[in-house]
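From first to last, the protein sequence lines are chains H and E. Here the first sequence stands for residues 1 to 357, where the numbers follow the working numbering. Here the second sequence stands for residues 358 to 554, where the numbers follow the working numbering.
These are calculated hints, taken from the structure and not from any lab test. Worth double-checking, as some hints may not be accurate.
Per label pair, the in silico range of CB-to-CB distance [said to hold, decoys possible]:
| # | chain 1 | residue 1 | chain 2 | residue 2 | range |
| --- | --- | --- | --- | --- | --- |
| 1 | H | E36 | E | T487 | 23 to 33 Å |
| 2 | E | Q491 | H | E36 | 27 to 37 Å |
| 3 | E | Y419 | H | R193 | 21 to 31 Å |
| 4 | E | E415 | H | L35 | 29 to 39 Å |
| 5 | H | L17 | E | D511 | 48 to 58 Å |
| 6 | E | D511 | H | G137 | 48 to 58 Å |
| 7 | H | R193 | E | A442 | 20 to 30 Å |
| 8 | H | A64 | E | K533 | 20 to 30 Å |
| 9 | H | L196 | E | D509 | 46 to 56 Å |
| 10 | E | A378 | H | H28 | 29 to 39 Å |
| 11 | H | N252 | E | R443 | 50 to 60 Å |
| 12 | E | I519 | H | E36 | 53 to 63 Å |
| 13 | H | A29 | E | E446 | 17 to 27 Å |
Glycine included, each C-beta is placed from N, C-alpha and C at the ideal position.
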Amino acid sequence: MQRESYTTVTQFCDDALFRDWVITGRDHAGWVQWLEANADKQRLAQEARYLILAIGSEAPGATAGETDQALEETWWRIHEQEHRVRPLALAGWWRVAAAALLFALGLGWYASRLHSPGRDVAVSQPSAALPGSRDIGIFNDSKVPRLVNLEDGSTIILQPGGKLSYPRKFAAQKREVHLSGEAFFEVSKNRQRPFLVYTNDIVTEVVGTSFRIKAADDQPEVEVFVKTGEVHVRQIQPKDSKAAENVVLLPNQSVSYVKSLSLFEKPENKDIPKRAIEYLNFDFSDAPVGTIFSTLESAYGVTIDYPHDVLRDCYLSTSLSDEPLLSKLKIVCESISSGTQFRMEGNHVIVESTGCN
Amino acid sequence: MSDSTLPDSQLWCLIKDDDQAAYTTLFRKYYPALLGYGKSLTDHHGLAGDCVQETFMEIWLYRRNLAVPDSVRAYLLAGVRRRIARRLERDRIFRHSRDIGEGEFSFQFTPLDEMISDEETRRQVQQLNTLLNQLPARQREALYLRYHQQLDIDEIARLMQINPQSASNLLHRGIKHIREVWVGEMHTLALLLCVYF
Chain H
1 MQRESYTTVT QFCDDALFRD WVITGRDHAG WVQWLEANAD KQRLAQEARY
51 LILAIGSEAP GATAGETDQA LEETWWRIHE QEHRVRPLAL AGWWRVAAAA
101 LLFALGLGWY ASRLHSPGRD VAVSQPSAAL PGSRDIGIFN DSKVPRLVNL
151 EDGSTIILQP GGKLSYPRKF AAQKREVHLS GEAFFEVSKN RQRPFLVYTN
201 DIVTEVVGTS FRIKAADDQP EVEVFVKTGE VHVRQIQPKD SKAAENVVLL
251 PNQSVSYVKS LSLFEKPENK DIPKRAIEYL NFDFSDAPVG TIFSTLESAY
301 GVTIDYPHDV LRDCYLSTSL SDEPLLSKLK IVCESISSGT QFRMEGNHVI
351 VESTGCN
Chain E
358 MSDSTLPDSQ LWCLIKDDDQ AAYTTLFRKY YPALLGYGKS LTDHHGLAGD
408 CVQETFMEIW LYRRNLAVPD SVRAYLLAGV RRRIARRLER DRIFRHSRDI
458 GEGEFSFQFT PLDEMISDEE TRRQVQQLNT LLNQLPARQR EALYLRYHQQ
508 LDIDEIARLM QINPQSASNL LHRGIKHIRE VWVGEMHTLA LLLCVYF
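Isolated chain H (complex conformation) (with noise of 0.2 Å):
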């Protein structure tokens, strides 16, 4: 054995068996039954022995639990350096499979604009956000839409009249948000953390689809339609003692909650709504960029600034239906050129580019 020719404490203290055993107390038996073999090393070996135990060894900085709460900052920091900086490579799992569609039609929006507290369900609900942590408020009191970029990648864009109130930072496991009025949500795909939207009477769970909601506050039903993929809705509070009822809605399906009853009716097959971005598939095939961005445009509510002369002879094929505004930019820019670059400033996109490949 190599270790019976040690002459230095320091080999012993580098010895990660020896260390072990001053550390962990592992293989007792068989250190005692050593030394006494060797008894010309016992001094080395005590003395090293001290020094390991006056070193100490390795003490945690931070709790499970203050790692976890790192991490998610630590994301939310990515997550913005990656949408400020340039178009980077798309992640996998930043790629979006779903995309909902949220609706509070009729005279919802009107209610809200009056501000009457009593109608503000949507700061008042229990949330799941990180201790510490405050809730977004947001009440689009302008005439067009206004789009909101979330910490995990998802965007909002929220139709005039419409409250949205969501925390800085979701919760690990997962991702709340409340809304009053009407809004189109596309959610990013993470299995692990599912999307929650609380309107006043029913939650809609997410799990990787599009969807749309109607629930207004003052209309006597809300209606819940599902253009792909699955939904989840169930109440908020039963009204009796009865357990939530969870309805499951499958492609093309749609359910309505009778506010007055506390129940659903049952699911039916249903067309898809002659709405704008629902319609709207973002297939492009050699179509000009300009076209492309004025489709974003409109269906989107933004404006998007591009050097009109750089780009004019650029064409793109490119299929963009399942991903969020975001998503939809990058893979635009990407396709233009390595030096074509976008950032966003609320509403406002701004490309620069040098030109097509």
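Put chain E on the given structure of chain H with help from the hints.
For chain E alone, kept in the frame of chain H given last:
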């Protein structure tokens, strides 16, 4: 799916393939150690946390271009150290002031009390510990990196931006100094050894 039993190099490869779970595993594995190290380099604990996060951010943002390091632990520790040094340097320039001792290794060793069962050992270890904590900062840092972070001499040298011989010297000089001051009492103890083991 990745789990915490995978070796670092494999986790790193998964991260290069956009594996979020592998990134989470790596983060959970090293964040506490890195934060501990960061805090021993600056009293601004917020700054330490920031620099650890930035080190991890860089991994994700540049994952496609990053080579798999020989030692992920050494790579991360070096990243945190470099960032903190840079930030402190910048602060110094902007504030036209100098925080004495900032950026210098301030970690204090704590004895492993739970593995000590008798008073004699406790007394010896306590004395050694006091001597350890009086060593110059760079010697303490080298010992910390060697025995708390399990880096080898070459890794310590790269991290502290010195040559391997100097790193080795830092370690040995520290231990040698302690033994010179302390060794007097060892002779009487040698005979009693087996009792304590």
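To see whether the hints hold, each was checked on the structure:
| no. | hint | verdict |
| --- | --- | --- |
| 1 | H:E36 / E:T487: 23 to 33 Å | holds (32 Å) |
| 2 | E:Q491 / H:E36: 27 to 37 Å | holds (35 Å) |
| 3 | E:Y419 / H:R193: 21 to 31 Å | holds (25 Å) |
| 4 | E:E415 / H:L35: 29 to 39 Å | violated (47 Å) |
| 5 | H:L17 / E:D511: 48 to 58 Å | violated (22 Å) |
| 6 | E:D511 / H:G137: 48 to 58 Å | holds (54 Å) |
| 7 | H:R193 / E:A442: 20 to 30 Å | violated (36 Å) |
| 8 | H:A64 / E:K533: 20 to 30 Å | violated (39 Å) |
| 9 | H:L196 / E:D509: 46 to 56 Å | holds (49 Å) |
| 10 | E:A378 / H:H28: 29 to 39 Å | holds (38 Å) |
| 11 | H:N252 / E:R443: 50 to 60 Å | holds (56 Å) |
| 12 | E:I519 / H:E36: 53 to 63 Å | violated (41 Å) |
| 13 | H:A29 / E:E446: 17 to 27 Å | violated (53 Å) |
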